[in-house]
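*Asks:* Chain by chain, the residues:
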Amino acid sequence: MKTFEEKWTAWLDGELSGSELAAFEASLPDRVAAEAEKQAAQKLRLLLKRELSISKLANEEFFSHQLRERIGHEGNSNTGRESRSSGWWTVPRLLWSGAFAMAVFLVCTVWVMQDNDFADQSPLTTKVLNAKLDPTAGTDATVTVFEDTEDNVTVLWTEGLKSLPSEYAAK
Amino acid sequence: MNTEATAAQPDVPELDLVKRCQKGDSEAFDELVTRYRTRVFGMIYNMVHNEQDAWDLAQDSFLKAWKSIGRFRGQSSFYTWMYRIVMNVTIDWVRKKQIKGSGAEFDDTIQLREIDPASKTVPKPDFAPSEKMEHQEVRAQIDKAISQLSPEHRAVILMKEIEDMQYNEIAEALGCSIGTVMSRLFYARKKLQNLLKDVYENI
Numbered sequence: 037m038k039t040f041e042e043k044w045t046a047w048l049d050g051e052l053s054g055s056e057l058a059a060f061e062a063s064l065p066d067r068v069a070a071e072a073e074k075q076a077a078q079k080l081r082l083l084l085k086r087e088l089s090i091s092k093l094a095n096e097e098f099f100s101h102q103l104r105e106r107i108g109h110e111g112n113s114n115t116g117r118e119s120r121s122s123g124w125w126t127v128p129r130l131l132w133s134g135a136f137a138m139a140v141f142l143v144c145t146v147w148v149m150q151d152n153d154f155a156d157q158s159p160l161t162t163k164v165l166n167a168k169l170d171p172t173a174g175t176d177a178t179v180t181v182f183e184d185t186e187d188n189v190t191v192l193w194t195e196g197l198k199s200l201p202s203e204y205a206a207k
Numbered sequence: 009m010n011t012e013a014t015a016a017q018p019d020v021p022e023l024d025l026v027k028r029c030q031k032g033d034s035e036a037f038d039e040l041v042t043r044y045r046t047r048v049f050g051m052i053y054n055m056v057h058n059e060q061d062a063w064d065l066a067q068d069s070f071l072k073a074w075k076s077i078g079r080f081r082g083q084s085s086f087y088t089w090m091y092r093i094v095m096n097v098t099i100d101w102v103r104k105k106q107i108k109g110s111g112a113e114f115d116d117t118i119q120l121r122e123i124d125p126a127s128k129t130v131p132k133p134d135f136a137p138s139e140k141m142e143h144q145e146v147r148a149q150i151d152k153a154i155s156q157l158s159p160e161h162r163a164v165i166l167m168k169e170i171e172d173m174q175y176n177e178i179a180e181a182l183g184c185s186i187g188t189v190m191s192r193l194f195y196a197r198k199k200l201q202n203l204l205k206d207v208y209e210n211i
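If you're matching them up, the sequences are chains A and B in order. Letter 153 of the first sequence, counting from 1, is numbered 189 in the working numbering, and no numbers are missing. Letter 32 of the second sequence, counting from 1, is numbered 40 in the working numbering, and no numbers are missing.
Honestly, the hints are just simulated from the structure, not real lab data. Where is the CB? At the ideal position from N, CA and C, for every residue including glycine. Don't take each hint at face value.
[To be verified] Which stretches of chain A does chain B cover? Using the computed rule of at least three CB atoms under 8 Å from a CB of chain B, they are: (1) 93-105; (2) 163-177.
[Claimed, not checked] In silico DSSO-like pairs for lysine-lysine, Cα to Cα no more than 27 Å straight-line: (3) A:Lys-85 with B:Lys-140; (4) A:Lys-92 with B:Lys-152; (5) B:Lys-205 with A:Lys-74; (6) B:Lys-198 with A:Lys-85; (7) A:Lys-79 with B:Lys-205; (8) A:Lys-79 with B:Lys-199; (9) B:Lys-108 with B:Lys-199; (10) A:Lys-38 with B:Lys-108; (11) A:Lys-43 with B:Lys-205.
Bound-form chain A, shown alone (with noise of 0.2 Å):
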């Protein structure tokens, strides 16, 4: 459904036809003043085409001069950022160095924790099993107590005895 300011748009412009023109003449109140408008629009028409309908651009080669330095500058440019873009560090290449730097640290990671189970299991297998002062014995008296599981031997291991006490004699 077309609006006033279509139809009065189109009727001006001779693009009203058949019984859309009737009915619009028909709805029109004053058919008088709008025949006028019609007329006023047509002069409006030539006297703009008239003043603002161009000829000629009077320096046409240097504008063509202008836009082909401007787009060469662009393309350059564009060379330029194309040449920085496919150097070394180009997406894929850092998403393969990326990867290959995870890689490494995942081998070094295992290879420590690895280590680390070694470490677990010392050598030391010798563990303390009592250690005391022993005022009878003396007043800076040690007795500790050691057991190497590995080779299934307990020692004793006094400090600060003049002598040993008989309940410490091996059995």
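Since the structure of chain A is provided, determine the placement of chain B on it from the hints.
*Replies:* Leaving out everything else, chain B in the frame of chain A:
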């Protein structure tokens, strides 16, 4: 629509030139520029009423067209597609200028200087010396009236009355509906008729 008299290779179909441009052939684009530069410049000049600005905007429009010609699918004529770029660039520029300034684009003193008959750039018909003064005054009145229209209304009136473009071509160039084009034409004509009545009644 009229075609420019300065076409260097009028026998080469436009679509062939466009296809060559899309393959990076700048000479083909140069040919398209030769065909349309005057009309593009004239259209922009009638929108902005300033020779240097029109020149720069026309250059920017063609440069933008060159950069985006790969996206031209041939669903419309090259000229309609080109006009869409021209209108985007120009309307955007006019809006920015209106926001930046006080809104009044037209300055009589500048205008008289800008339409100096000795100007080397502005495309214009040749007038006899005795007519030049009158032409200057009429032209100044028209430019002043057009500058009172919104950029969109300027665009439709110039494309319709000067370029003889069809409603659908104008709609495509402006990215709006045909109904909007007709509505804008209605109001633009009404306003210009009021502003220029004394001028066109004396033709």
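*Asks:* Among the hints numbered above, which are violated by the structure, and what are their numbers in rising order?
*Replies:* Going through the list in order, the structure violates hints 2 and 10 and respects the others.
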